[in-house]
Structure formats: C-alpha cells, structure tokens
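Participant: With these hints in hand, go ahead and build the complete structure from the sequences.
2 protein chains.
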Amino acid sequence: MSFHFADRIKRAPESFLSELFSVSNNPSIISFAGGLPSTSLIDTEGIAQATRQVMEEDARIALQYTTTDGYLPLREYIADRYRTRLGLPATAEEIQIVNGSQQCLDLFAKIFLNTGDHVGMERPGYLGAIEAFSLYEPVIDTVPLDDDGPDLAKFEQFVRTSNAKFFYGIPNSQNPSGRTYSQEKRKAIADILRKSDTVFYEDDAFGELFFDSKPRPPVKKYLPEKCVISGSFSKIIAPGMRIGWIYAPPEILAPFNVVKQAADLHSNFLCQKILHRYLTTHDLDEHIRRITRVYGGKCRLMCDLLNDQLPQVSHTTPEGGMFLMATLPPGISSRRVFDEGVKKKVAVLPGMPFYTDGGGEDTIRLNFSYPDEEMIKTGISRLAGVIKGLVHQQ
Amino acid sequence: MSFHFADRIKRAPESFLSELFSVSNNPSIISFAGGLPSTSLIDTEGIAQATRQVMEEDARIALQYTTTDGYLPLREYIADRYRTRLGLPATAEEIQIVNGSQQCLDLFAKIFLNTGDHVGMERPGYLGAIEAFSLYEPVIDTVPLDDDGPDLAKFEQFVRTSNAKFFYGIPNSQNPSGRTYSQEKRKAIADILRKSDTVFYEDDAFGELFFDSKPRPPVKKYLPEKCVISGSFSKIIAPGMRIGWIYAPPEILAPFNVVKQAADLHSNFLCQKILHRYLTTHDLDEHIRRITRVYGGKCRLMCDLLNDQLPQVSHTTPEGGMFLMATLPPGISSRRVFDEGVKKKVAVLPGMPFYTDGGGEDTIRLNFSYPDEEMIKTGISRLAGVIKGLVHQQ
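So the protein sequences, as listed, match chains D and Z.
Under our numbering, the first residue of the first sequence is numbered 122, with each subsequent residue one higher.
Under our numbering, the first residue of the second sequence is numbered 122, with each subsequent residue one higher.
Treat the hints with caution; some may be incorrect.
Identical copies carry no separate label here, and so any pair may be met within one copy or between two of them.
[Stated by the list, open to error] Restricting the straight-line Cα-Cα distance to at most 20 Å, the calculated cross-link-like pairs of lysine to aspartate or glutamate (DMTMM-like) are:
id, residue 1, residue 2
1, 131, 372
2, 509, 177
3, 131, 318
4, 131, 238
5, 131, 440
6, 308, 177
7, 131, 258
Keep in mind that the hints were calculated from the coordinates and are not lab data.
Please read these numbers as outputs of a predicted model, since none were measured by experiment.
Facilitator: Here is the structure:
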C-alpha cells in the first residue's frame with residue numbers, strides 16, 4: 122500500500138532523536154548524546170508519597186475528565202512562583218497546562234503559522250523546536266548565537282526585514298549550546314521587538330538549573346505584553362509525567378486553548394494532581410539546589426577533562442542547564458566522531474541538525490546531566506581517543 | 122495588543138465543549154449534555170493498587186523520558202486483545218500510544234491533510250473530530266447516517282467523486298447518534314473503499330461498551346490494509362490518564378510517529394505503566410461487564426421515560442455506548458430547549474455542532490452514562506416540562 126500524505130510530512134526533517142534513543146538504550150555505550158535529566162535525582166519517594174495521598178483522597182476526581190486549561194491550583198502555584206521568584210505579575214488565568222514544553226512548540230506554531238510565514242530562531246537552535254515548527258512549513262530565519270546571546274545587529278536586521286510571527290529563543294542555558302543571554306542583550310532584544318509585530322517565545326526549560334541557583338531576569342520582564350514563556354517540570358521533577366505550561370497574555374491563550382482542546386482535550390489530570398500535591402508538601406527550592414549542585418559538579422568535571430585531554434577542542438562553559446557544545450579541530454567531522462565514537466562505546470550528538478540552514482559539521486553537543494561522574498571520566502577519555510585518532514589520520 | 126494568528130484559527134468552529142463544561146460544573150443542573158463516563162464506575166481501588174506497585178517497583182523508569190511509540194508491554198497487551206477479542210492479526214509494531222483518542226484525530230489529520238483536501242464524515246458527526254480536522258482546513262464531506270450505518274448510495278458517491286484522503290466513522294454506538302453499523306454495511310463499506318485511495322478511520326471509542334457484551338466485527342476486518350482503528354482507555358478504565366492508541370499499518374505509523382514526537386515527545390509514561398499493571402492484575406472483561414450492565418440499565422430507563430413522557434419526541438435506541446439522539450417535535454428548536462432547560466436545571470446538547478454543513482436544529486444529544494438513575498428520572502421529567510411548555514407556546 123502507498124498512502125498520499127500531506128506535503129508537510131514530505132518536508133519534515135529526518136529526526137535524529139529516535140536514532141539517539143536506540144544508542145541511549147544500549148547499556149554498553151556511554152551516551153552524551155541524549156537529553157535526559159539524571160534518573161537518580163528524581164525524588165521517587167516524595168512523588169510516591171504525593172501519589173498515595175492523591176489516590177487516597179482524590180482519585181475519583183483525578184481519574185475523570187477535566188477542563189482544557191488544567192488544574193487551577195497547579196496553575197496558581199506556577200503563577201505564584203513567577204511572582205515570587207522572577208517578579209513577574211503572573212496570574213493563573215495566564216497559565217495553561219500542556220504535555221511538557223514540547224507541546225507548547227507544536228500548539229504555538231499551530232496558532233501563529235501559515236505556510237510560508239517567517240519565524241526566527243537562534244543558530245544553532247533547539248532541534249525539538251525545528252521539528253515542531255517545520256510541520257507548519259514556515260521559513261525559518263536564524264540569528265547567530267554568541268556567547269552572551271544573539272548577535273544584536275543580525276537580530277535587528279531579522280526583525281526589520283522578515284516580518285516574522287515570532288522569534289523562538291532559550292535565554293537560559295540554551296539547548297544545544299549551553300549559552301546564557303546577558304542582561305544587556307535581554308533588554309536590547311526587548312527594545313528591538315517592542316516596536317515590531319514579532320512575538321518573543323521564551324523557552325525557559327532550564328531557568329531553574331543555574332549552578333549558582335540565582336534566577337536571571339527573563340526577557341518577558343522587559344517585554345511583558347509581547348512575550349510568552351514556556352516552562353516544564355520535566356527537568357526539575359520528572360519528565361515521565363509530561364507536564365509543562367505556557368505563560369502568555371490572554372489574547373494568545375484564547376486560541377491556544379482552542380487548539381489544545383482539539384489536540385487532546387486536556388493534559389493528564391492524575392499527574393497534574395500528583396505534581397500539585399508534591400509541590401505543596403515538599404521543598405522545591407531545596408530539591409532544585411540538590412540537582413544544580415550535582416549538575417554543576419558534572420559540568421565542571423566535563424569541562425576540565427576536555428581542557429586536559431582535548432586542548433584542541435574548544436567548548437562553551439555553561440552557567441547551568443544540561444548541555445555544552447564543543448567545536449572540533451579543523452577538518453574533523455562530527456558525523457565521523459559519532460560513527461567512530463559508537464564503535465568505541467561513546468555517543469555524542471553531531472551539531473548539524475541544530476543548523477537549519479546548513480553548517481555545524483564541526484560541532485557536537487555533549488550532555489552532562491544524565492551520565493554519572495565515572496561515566497563522564499570514562500566517556501571523555503574514550504572521546505579523546507576517538508578525536509585524537511581522527512586527527513592522527515589526517 | 123493584537124496578534125496576527127494563522128488562518129486556521131479564524132476558520133476554527135466555535136467550541137461548545139467549554140460552554141458544556143461550565144454547565145456540567147454547576148451541581149444544581151442535571152446534565153445530559155456532557156460526555157463523561159460514570160465516575161462511580163472507575164475502579165479507584167484497583168488503580169490505586171496498580172499505582173502503588175508501579176511506584177514501589179518501577180518509579181525511576183516510569184518517571185523518566187521514554188520512546189515516542191509507547192510502553193511496549195502495553196502495546197503488546199492492546200495487540201493481544203485485538204487478536205483474541207476481534208480476531209484481528211494485530212502486533213505491537215502496529216500500535217502507537219497517544220493521549221486519548223482525541224490526539225489520534227489531530228495527528229491523523231496532520232499526516233494526511235493539505236489545505237483543501239477532502240475528508241468524509243458521518244452526518245451527524247463527532248464534534249471532537251470536526252474540531253480537530255477543521256484546523257487543517259479540509260473540505261468536510263458528509264454522508265447521512267441511517268439507523269444501520271451510512272447511506273450506502275451516498276457513501277459510494279462520496280468515495281467516487283471526492284477523492285478524499287480518508288473517511289472518519291464510528292461504527293459502534295456512534296457519537297452523537299448512538300447508532301451502530303450493521304454487519305452488511307461494514308462489509309459494503311469495505312468493498313466500496315477497497316478500490317479507492319480513501320482510508321477508513323474507524324474510531325472505536327465505544328466498541329467495548331455494547332450492553333450485550335458481544336463484539337461487532339470491525340470494518341478493519343474486511344479492509345485490513347487500508348483501515349486504522351483508534352481506541353481509548355478513557356471509557357473503560359479512566360479518562361483522566363489520557364491514554365489511547367492508534368492501530369494502523371506500519372506505512373501510516375511511520376509519519377504518525379514523526380508528528381507524535383514533534384507534538385509532545387511521548388505520552389505520559391507513568392500512566393502507561395499504571396494501566397499496564399492494572400490490566401495484567403485485574404479482570405478487564407468482568408470490569409467492563411459491570412459497566413455495560415449499568416449503562417444498559419440507564420439507557421433503557423432513559424428511553425422508557427422519553428417514550429412515556431415525550432411520545433412526540435423520537436429517539437435512537439442504542440445497543441451500547443453513552444449517548445442517544447432525540448428529534449424534537451416540529452417547530453421546536455434545540456437551542457430554545459437548551460436555554461429553557463438550563464433555567465429549569467436540565468442541560469441537553471443541541472445537535473447543530475454535529476452538522477458541519479448546517480441542519481440538526483431539531484435534534485439534541487443525551488448522555489446517559491454520567492447521571493445516575495435518580496438524576497435521569499428527575500432530569501427527563503424536567504426536560505418533558507420544558508419541551509411540553511415550548512409546544513404549548515406554539
């Protein structure tokens with residue numbers, strides 16, 4: 122049988138993520154290629170306790186259908202955290218629950234993009250966003266991401282010439298680069314966008330994961346009416362529950378709610394209840410400090426090992442998050458490093474899929490949140506062997 | 122602020138579902154307007170037990186990311202049930218887990234529909250499907266639904282002239298009508314489609330809910346290579362977990378998997394594990410018999426009361442499912458019945474939104490699964506008062 126699929130399917134970029142999962146599932150391979158939080162840092166006891174309480178006190182409600190916007194007390198908790206932690210005047214009416222922040226990418230593109238519309242992204246940009254947006258067949262414009270945020274001259278040119286519906290960025294510990302925007306660049310971006318019709322989509326998956334535990338001011342602080350933030354419990358509590366949210370002006374949430382309802386009626390209610398119970402009976406800040414202490418240590422270890430063993434490889438030095446990006450010596454291709462690495466039982470993620478307009482062949486993304494310290498030591502040593510071997514062959 | 126949304130948003134039909142939820146949430150109103158399974162029939166104890174076991178034995182895995190296709194043992198369970206219950210040669214490779222069968226509607230439309238493509242539906246047709254499909258801006262063709270299934274002459278004409286990507290139907294206890302296709306019509310539909318390029322999308326949300334507990338042969342049995350079935354645990358176990366599935370040929374699952382990953386990476390893993398544990402430690406057939414005994418009784422009660430108190434109202438007589446459809450006396454509008462009903466504390470669902478091409482003003486959908494027997498008695502008595510009052514005013 123052959124089927125006549127929609128054009129958007131033919132144009133979808135080939136996904137690396139499935140290939141990654143199969144590598145990640147091979148226990149003999151040390152993988153820096155994935156994007157998982159540390160399994161050992163999931164507070165299974167705390168979540169089990171919260172789950173027990175919900176099942177004992179509230180099971181009939183939690184297992185029935187609910188409203189599309191999500192569990193109100195959970196939305197209130199999220200809004201309250203924006204108020205106290207970041208000084209943003211959030212209310213529950215501006216919060217909609219989704220299935221992890223990946224669903225935000227899909228639904229946001231769905232409400233904004235006609236075929237051929239322009240959207241902006243960082244270069245390199247987040248692969249999950251590229252995959253979600255591409256299905257709506259936009260023109261993706263990219264703005265180079267420097268160490269302190271987007272190149273401002275290029276960003277201004279993009280805004281002036283593209284008439285884009287939105288710019289999608291990750292100001293905190295960006296995926297894949299691990300870079301964080303400076304405060305000056307956040308303000309400058311807000312100033313440039315203020316006079317335009319372009320919305321800023323601020324993906325804040327990693328904002329809670331700064332190693333110094335200090336929040337950075339979101340772009341939304343400087344551009345409240347034209348900025349949406351997406352957030353997620355995946356990196357700070359548990360990804361398997363698939364609960365994230367969007368924080369957006371009511372004018373955007375109205376159509377967003379329509380497409381969310383058409384997409385799956387509402388997000389898993391049981392897990393919304395469990396999360397709310399967990400959050401109101403446990404110290405989230407203390408839990409996050411535990412995570413960032415560990416991630417900070419792993420990141421420093423990986424950077425030190427790279428500096429020691431691969432001085433010819435340059436890399437970003439993240440302030441938080443789960444990833445860093447490395448640039449290979451001249452003439453060494455990341456695809457070769459991937460292929461040779463798998464043979465030597467170490468997996469890295471070649472950078473090309475993060476470059477929608479080509480390039481990135483000399484870059485790799487390395488994840489430091491999932492592997493433990495021993496795996497990082499062994500894995501970087503294997504990687505050093507692979508890269509030195511390829512340099513030697515030149 | 123005004124935002125420039127995509128054209129698909131401007132064309133989305135105004136949703137009744139949110140309005141319904143607000144009516145459903147008013148405890149003084151007896152609602153036949155919703156579509157909820159009976160809360161008291163959710164096996165909260167069994168689910169709590171399964172949840173406890175998963176959290177004790179498997180929490181770290183269940184709370185981490187997983188693959189897009191879903192938990193393999195759950196997919197194997199679903200495939201096995203197709204084999205034993207319906208004699209379909211299903212394998213786990215043909216099953217993909219989604220967030221309730223509503224997500225199938227969205228993702229299936231996404232892989233098949235270009236703007237302006239044709240899709241077919243029953244008339245009246247399921248509102249959730251109309252809402253999901255409309256966002257891909259197709260032409261929706263409708264085929265009248267008779268008591269024993271679609272009008273075959275019209276169906277044949279539709280297939281011959283529309284070149285539709287797919288026809289979407291609910292052969293078992295259709296929503297909104299409560300009608301079930303005869304075996305002859307299932308075969309005839311398969312015969313008509315076999316020579317065409319049109320896929321049959323068989324929504325089987327209610328196939329387990331026949332009051333006689335006997336399965337009907339799915340259309341897929343007669344058209345295996347060109348038919349997909351969607352199913353859901355929402356009606357037989359619990360809707361709040363949002364776990365459903367699609368059963369489809371591999372050629373369709375490949376792009377389906379791509380758009381599922383872009384939509385939300387994967388469905389809630391914790392609830393996939395809980396459901397699998399529940400299904401393998403409890404007697405699902407016995408649980409379903411308990412549900413269908415209750416629903417069968419409620420349906421008969423509602424039909425008897427309508428016959429007694431509103432002989433001027435005709436209605437369908439379902440063999441299963443959760444809904445029946447009634448036709449009002451000449452000149453009585455369902456919108457008036459809704460408005461007057463809410464005043465008298467009884468809510469019904471006007472039929473118009475189920476008719477994409479207009480019509481249905483004299484029809485209402487009544488749900489019998491959610492209200493208990495006392496509510497059905499009181500509610501139908503109130504409804505009889507409302508309709509008699511409107512007839513009297515004529």
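Participant: When no copy is specified for residue 131 and residue 440, does a C-alpha distance of 20 Å or less occur within a copy, between copies, both, or neither?
Facilitator: Close neither inside one copy (39 Å) nor across copies (43 Å); limit 20 Å.
Participant: Within a copy, between copies, both or neither: where do residue 131 and residue 318 come within 20 Å Cα-Cα?
Facilitator: Between. Shortest inter-copy distance 19 Å satisfies the 20 Å Cα cut-off; intra-copy 30 Å does not.
Participant: Go through the copies and call it for residue 131 and residue 372: within, between, both or neither, with a Cα cutoff of 20 Å.
Facilitator: Close across copies (14 Å), not inside one copy (33 Å); limit 20 Å.
Participant: Is the C-alpha distance from residue 509 to residue 177 at most 20 Å within one copy, between copies, in both cases, or in neither?
Facilitator: neither (58 Å within a copy, 46 Å between copies)
Participant: Please sort residue 131 with residue 258 into within, between, both or neither, judging by C-alpha distance up to 20 Å.
Facilitator: both (10 Å within a copy, 18 Å between copies)
Participant: Can you give me the call for residue 131 and residue 238, within, between, both or neither, at a CA distance of at most 20 Å?
Facilitator: both (18 Å within a copy, 16 Å between copies)
Participant: Have a look at residue 308 and residue 177 and pick one of within, between, both or neither, based on CA distance no larger than 20 Å.
Facilitator: For residue 308 and residue 177, the Cα distance exceeds 20 Å both inside one copy (48 Å) and across copies (48 Å).
Checked against the numbered hints given earlier, this structure breaks hints 2, 5 and 6; the rest are met.
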